[in-house]
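K.L.:
Given next are the chains, with one letter for each unit.
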Amino acid sequence: MSATGDAALAASLFAVDPVGLGGVCLRSLVQPARSDWLAMLRELLPAALPVRRIPFNIADGRLLGGLDLVATLRANRPIAERGVLAATDGGVVVVTMAERLSAHTAACLNAVLDSGELALQREGVQIHDRARIGIVALDEGMDDDEHVAASLLDRLAFLVDLNGCDSRTPLLQLHDAEDIETARRLLPRVEIAPDIIAALCATGMSLGAGSPRVSQLAVNAAKAAAALDGRTVVTIDDATTAGRLVFAPRATQLPAPREAAANAASDDGSRDATTPPGGEQQGAHSPPPATLDGADQGAQVPPPEAGAQGSAAPPSAPAPTETEPPGPAPRDTPAVDRDKAAAVIEMSQDEIEEIVLAATRAAIPNGLLASLRAAAPIRGGSGAAGRAGAARQGGARGRPYGVRSGMPQGSSRLNVMETLRAAAPWQRLRGRMSANDVRVRIDPSDFRITHYRQRSQTLTIFAVDASGSAALNRLAEAKGAVELLLADCYVRRDQVAVVTFRGRAAEILLAPTRSLVRAKRGLAGLPGGGGTPLAAGIQTAMLLADQARRRGDTPTLVILTDGRANVARSGVGGRDAAHADAMQAARRLRQSQFAVLFVDTSPRPTPLAQTLASAMGARYIPLPFANAQALSSIVTAAAPRAAR
Amino acid sequence: MKPGLRPVFPFSAIVGQDDMKLALVCAALDPTIGGVLVLGDRGTGKSTAIRALAALLPPMRAIVDCRYSCDPGDSDSWCAECRDRASLGALKDRAIAVPVVDMPLGVTEDRVVGALDLERALSQGVKAFEPGLLARANRGFLYIDEVNLLEDHLVDLLIDVAASGENLVEREGLSVRHPARFVLIGSGNPEEGELRPQLLDRFGLSVDIKTPTVLADRVEVIKRRDEFERDKPAFIAKWKKEDDALRRRIVAGRKRLAEMSIPDEVLESTAKLCMHLGTDGLRAELTLMRAARALASFEGSTAVAETHLRRVASSALRHRLRRDPLDESGSGARIERAIQEALGP
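Protein sequence lines correspond, in order, to chains U and A. When you line the first sequence up against our numbering, it's residues 609 to 1252, in that order. When you line the second sequence up against our numbering, it's residues 43 to 387, in that order.
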């Protein structure tokens, strides 16, 4: 099935069971296909179900609920206002620009997805409301770094990418509202055989696709697929559909070849005896990643028969259940007259697993997996590396720090809630005696304003020269110095970011984060060698610093290099051009007035590096003299601490 | 809808995660251990286990009409209202379920500490105190999911109250103090942010949980979840026996706790281990000792043995080590090593 076809299928399945499937992450720029998809979903969902759109920066009061001020004042008693989540109970919440969701808002959505209810404790209001919802997260992320929070993705069954789809392939609706309605009625009665559950779990694990929760979503997706097809028993076809839609987009690894898996699970003796037929041909059939070509466009699912005969996919060895032996279990399921269901019962768990795995693998775009693998050691497998930085935007704008009496003026805002609270006890005294007079009397002395604490974070950006010359000199020592500085940043709760430059360009190894373990991991795996694109390095670091400043953070740059630029900004080699570019970048850095520390990593202090340092208005420290303690105290001093 | 009415997944039906379950049971058995912090990967059943714990707890006696559920047997810990009422006549008490209070995300400060009762203020012009979550959690559990996403000003507040066992409210012309002794339970995913060391210190035990890597476990997790979703009452009934047995063990363990003797050798080993790890203060030793005692009581032993100590050492000390933020080997491994070195294999 084509990618657009899968997108349409995801919409149909989601419409059948929005709550059980959690939701859909629709990665797409604003384009007709996206609106088509949303319109299709709306049409498929029962008309009575609410579909609410919320912006990524929705305030807690609107999302969760709180005190309805207008109504409260009118009625003279506290009146709660329901938030969007509770008001959408049974329906679907569409989050726009979901890649920009704050960690806090994402966590609120997660809590509701997990519990199906909303616990509200805000502004004197406490409510428990049902909120069984499904979520459509519209992800407009363009770069690899922009993703919906991993914790939220973990709760959404389908990750649909419309960007990769051919815009000329129309999005065809596969079902109509009536089909969905029938399926919805059928769903509660759908049964799934333990073998299929096991096969789905094994597929998820061998592809490294998410947590146990994702396996649960795959099971629910398989059930929805069965219901959509008018059956009450989940067949292999349903499982392959679920595997393709749920696991394939999350795959982070190819299943280990059987031999390796067998070694890894060598303690698992019982497994060897049950090697499925065709196992000996494994070597010949086991497809290396390269044979997955074309999967991203065509994504043809191999028919189940092919998978069963050829054992094309090498699943990792699943440990058979120790507590209850597999075998008779599937026969316990109610007898059904459908051939396919019968086929499931005939087949062993291994066979089912191989079919599901093969289908899922076929749906994994070749390039995607390669890039994932390349990124994995650095990003630690988390799709949302560095989210912590972006997510803390709310904090940078200042957190409510307390309330004091005073007149609202300038930047201070009136805290209506607290003002009312202050005025409330005096209403009687102020002569609001008659029942008809519903106005609340507020004196200027009641005014309360919220204090925001602008807890500006310090972001320390390390720009590390990992070129050949630096590697020769003292990349290892530079790494060591950075590590010590990182430990220091940890104590001060700073954010850190790491930019490296080598070869032709600079890259952001680590977007601003508080996770120092991640920073260290990235550094440890940092290879050395290649030219020195110093200008690009400076520029990238400056870009990051600029973004941080716009967020309200205080950036400090630490540049570790020997200053021997030999790759110009264009990526072309050449010492003179490169140096000129580097000087230019340095001067621009000076103009931007960041605190900069230049750590010279060359064996002995060089005039070249000193010139650069003074061009960027940086504090110059030759590494030979910079022992760890001195370095860290210098960084501390260089970072202008924000007023706390 | 009341929170307690929602059927919860039974504690006994949770697959694996033995460290977490043991820590929660120990904390329920002896509240003086001081709570549990559960950190771990996504989708590993952290919240499920903690919510399930509530159903396991045996009921407790509390003074009737007390908003802080004061303990009739301990007049020192009473709130001001109970003291006043006691001087006027004998107080009645009744059995209530141990409060397990959920601190939801997006909670505002006024609901945590308590604030002016807006309803009474607006309609009657009366200045009355409306207790918050801290009051409700008194003598029970306070559960914070995604504890690492908690806003800083709320963290400060919790740190203070958790240490003093008393909530001081000074706002809107109100001046109230009331007991707020609770067992803090937190859960979170460390990838989403780190915890302040001060807050870490408030948790007695800390467990790290990982995604199950054994396929059979994962399959079992999903099967049970499927069964639960299909017919909740039936599933709960099916596991009731085991849950009941566990509750009885906790009750029996509590009784045994007072008589539990701790041999000097064990105390010495505790001190040796803590010194070897260089943990700050006596808190680590106390917690370790209490946790070992709780484990011994739970398992029906008459005295605490070194084996108990070894089994709880990791949870009791993991989060108290002078942290090397860059040490990836994990504090669990460091503790294992220290046990080998200090106490022998």
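Treat the hints with care, as some may be off.
Unchecked claim - Stretch-level coverage of chain A by chain U, calculated; a stretch enters the list once three of its residues show a Cβ under 8 Å from a Cβ in chain U:
(1) 74-86
(2) 301-312
To be verified - Label-pair distances were calculated between CB atoms; the ranges are:
(3) P796(U) with A132(A): 50 to 56 Å
(4) M317(A) with R660(U): 43 to 49 Å
(5) P49(A) with N665(U): 45 to 51 Å
(6) N665(U) with V168(A): 52 to 58 Å
(7) P663(U) with A132(A): 38 to 44 Å
(8) A132(A) with N665(U): 22 to 28 Å
Read the hints as simulated data drawn from the structure, not as lab findings. Even for Gly, the Cβ is constructed at its ideal location relative to N, Cα and C.
K.L.:
A separate judgement is required for each hint: does it hold in the structure or not?
P.N.:
So, going through the hints one by one against the coordinates:
1. 74-86: That given contact holds, which follows from 4 residues of the stretch 74-86 of chain A lying within Cβ reach (below 8 Å) of chain U.
2. 301-312: Per the Cβ count (0), the hint is violated.
3. P796(U) with A132(A): 50 to 56 Å: holds (54 Å)
4. M317(A) with R660(U): 43 to 49 Å: Distance hint for M317(A), R660(U) is violated at roughly 58 Å.
5. P49(A) with N665(U): 45 to 51 Å: Taking Cβ atoms as reference, P49(A) and N665(U) lie about 35 Å apart, which means the hint is violated.
6. N665(U) with V168(A): 52 to 58 Å: violated (38 Å)
7. P663(U) with A132(A): 38 to 44 Å: Given about 58 Å between the Cβ atoms, the range is violated.
8. A132(A) with N665(U): 22 to 28 Å: With Cβ atoms ~56 Å apart, the hint is violated.
This entry does not satisfy hints 2, 4, 5, 6, 7 and 8, going by the numbered hints stated previously.
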